[in-house]
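The sequence shown maps to residues 0 to 290 in numbering that gives the first Met the number 0.
Hint data in this document are derived by calculation from the structure and do not stem from the laboratory.
Don't take each hint at face value.
To be verified - Simulated crosslink set (DSBU-like; lysine-lysine; CA at most 35 Å straight-line):
1) Lys-158 <-> Lys-8
2) Lys-8 <-> Lys-59
3) Lys-158 <-> Lys-14
4) Lys-267 <-> Lys-243
5) Lys-267 <-> Lys-158
6) Lys-59 <-> Lys-169
7) Lys-137 <-> Lys-8
8) Lys-214 <-> Lys-281
9) Lys-8 <-> Lys-243
10) Lys-59 <-> Lys-181
11) Lys-59 <-> Lys-267
12) Lys-158 <-> Lys-95
13) Lys-169 <-> Lys-276
14) Lys-276 <-> Lys-8
15) Lys-59 <-> Lys-137
16) Lys-232 <-> Lys-158
17) Lys-169 <-> Lys-137
18) Lys-14 <-> Lys-133
19) Lys-84 <-> Lys-95
20) Lys-84 <-> Lys-98
21) Lys-276 <-> Lys-181
22) Lys-232 <-> Lys-59
23) Lys-276 <-> Lys-243
24) Lys-14 <-> Lys-137
25) Lys-281 <-> Lys-262
26) Lys-59 <-> Lys-281
27) Lys-98 <-> Lys-169
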Amino acid sequence: MNSMTGFGKAETHTKAGDFTVEISSVNSRFLEVSARLPRQFSLLEHRLRELVNGRLNRGKVTIFVGFEQPKNAPGRYQLSENAVKAYHRQLVAVKKSLKLSSEITLSDLLALPDIVQPEEATADDDLIWSGLRKAADKALGDLVRMRRREGTAMAQDMKQRLNVIAGLIKEIIADSSLIVEKYRQRLTSRIGELVEPSAYDPGRLEQEIAVFAEKSDISEECTRLSSHLSQYKRSLGVGEPVGKRLNFILQEINREVNTIASKCPETKITTAVIALKEEIEKLRELVQNVE
C-alpha cells in the first residue's frame, strides 16, 4: 500500500549542462501532473508527464526542473523577429507622439525583454532528453520509495485501529445478548406497578418481547461488520492501489454501525458505537492519503 504524499530530488551532469529535478506529490482523487521547466525545454514536458503516468496512479504531482549551462559553453539562442517588430512599432508611435528626433537603433531593441530567447529543445533532442530523463527517473524513484514507506506505516496504524474496532464489536455482541432479558425485566416491572399480576395476559407480554427482540436483533449487522473488517485487512496487503476500495469499505462499515446504533440505544452499546465512530473517522482520515 502506498501513500500519496512524497518527495524526490535528483541531479545529473551532462555535456549539455546540469539538470536538477524535484518531484513532490500530495493527495488527490485523481492523478494531476503539473510541471515547471525552463522555457527552452517546454516541448519535453509531455515526456515528463508520461514518466509520471507510468509510475503513479493517484495524487497531485508537481515537477520542477532546473538547468544550469556549463560555464563558457556556447548557448543556443534565437532572435524573436515578431517581438522586434512589435517593439519597433510601439517605439515609432511613441517617437512620433512625443516628437522625438533620436533614432531607434538595433542596440535599443536588443536591450528590451524577450527579444533574444534560449532556443527551445526539440522533442527528439536526445542529448537534452537523456540528461533530463536520468534526473527525473532518480527523483521519481525517491518519491515512489517515500510513498511506499509512508504507506507501510499507515497500514500498521490501520491494522491497530481495525483490532480496536474488532474488540468493540465483540463488546457490542456480548451486550446485545442481554438486551431482550433487560427489556423483559423492565416491562414486567412496569406492568407490575400499574396492574395486578392477574390482570394482564402473559401471552401478550411474550408477544411484545418477541417483537422487541426481532427489532433489536443486530446479528446480521455484526456478521457483515466482521466481513467488512476482513476485506479491509486483506486489501492492506495487495500491491495495487487500494485507496478507493478502502474508502468504499469504510462507508459500508459506517452504515452497519449506524444501523446498530438505531436498533440498540442501550447505554453501553451507545458508548461502544461512539468509540467505533471515532476509530472509523481516524481510518477515513488515513484513507484520504492512500493511493
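* Within 35 Å, alpha carbon to alpha carbon, are Lys-84 and Lys-95? -> It holds: about 16 Å lies between the C-alpha atoms, which stays within 35 Å.
* Asked: Does the alpha-carbon distance linking Lys-59 and Lys-281 stay inside the 35 Å limit?
  -> 22 Å, holds
* Asked: CA of Lys-267 to CA of Lys-158, is that 35 Å or under?
  -> The given pair, whose Cα atoms are some 25 Å apart, holds under the 35 Å limit.
* To do: Starting from Lys-8, check that the Cα of Lys-59 is at most 35 Å away, please.
  => 17 Å, holds
* Does the alpha-carbon distance linking Lys-158 and Lys-95 stay inside the 35 Å limit? -> 78 Å, violated
* **Straight-line alpha-carbon gap Lys-276 to Lys-8, limit 35 Å** => 40 Å, violated
* **Straight-line alpha-carbon gap Lys-84 to Lys-98, limit 35 Å** => Roughly 21 Å between the alpha carbons, so the hint for Lys-84 and Lys-98 holds.
* **Restraint status (C-alpha distance of Lys-276 to Lys-181 at most 35 Å)** => 25 Å, holds
* Asked: Are the Cα positions of Lys-169 and Lys-137 separated by 35 Å at most?
  -> 48 Å, violated
* Asked: Keeping to a limit of 35 Å between CA atoms, is the pair of Lys-59 and Lys-137 held or broken?
  -> 19 Å, holds
* Asked: Does the alpha-carbon distance linking Lys-14 and Lys-133 stay inside the 35 Å limit?
  -> Status holds; Cα separation ~14 Å.
* Between Lys-267 and Lys-243, does the CA-CA distance stay at or below 35 Å? -> Judged against 35 Å, a Cα distance of about 33 Å means the pair holds.
Hint violations for this structure: numbers 3, 6, 10, 11, 12, 14, 17, 27, all remaining hints satisfied.
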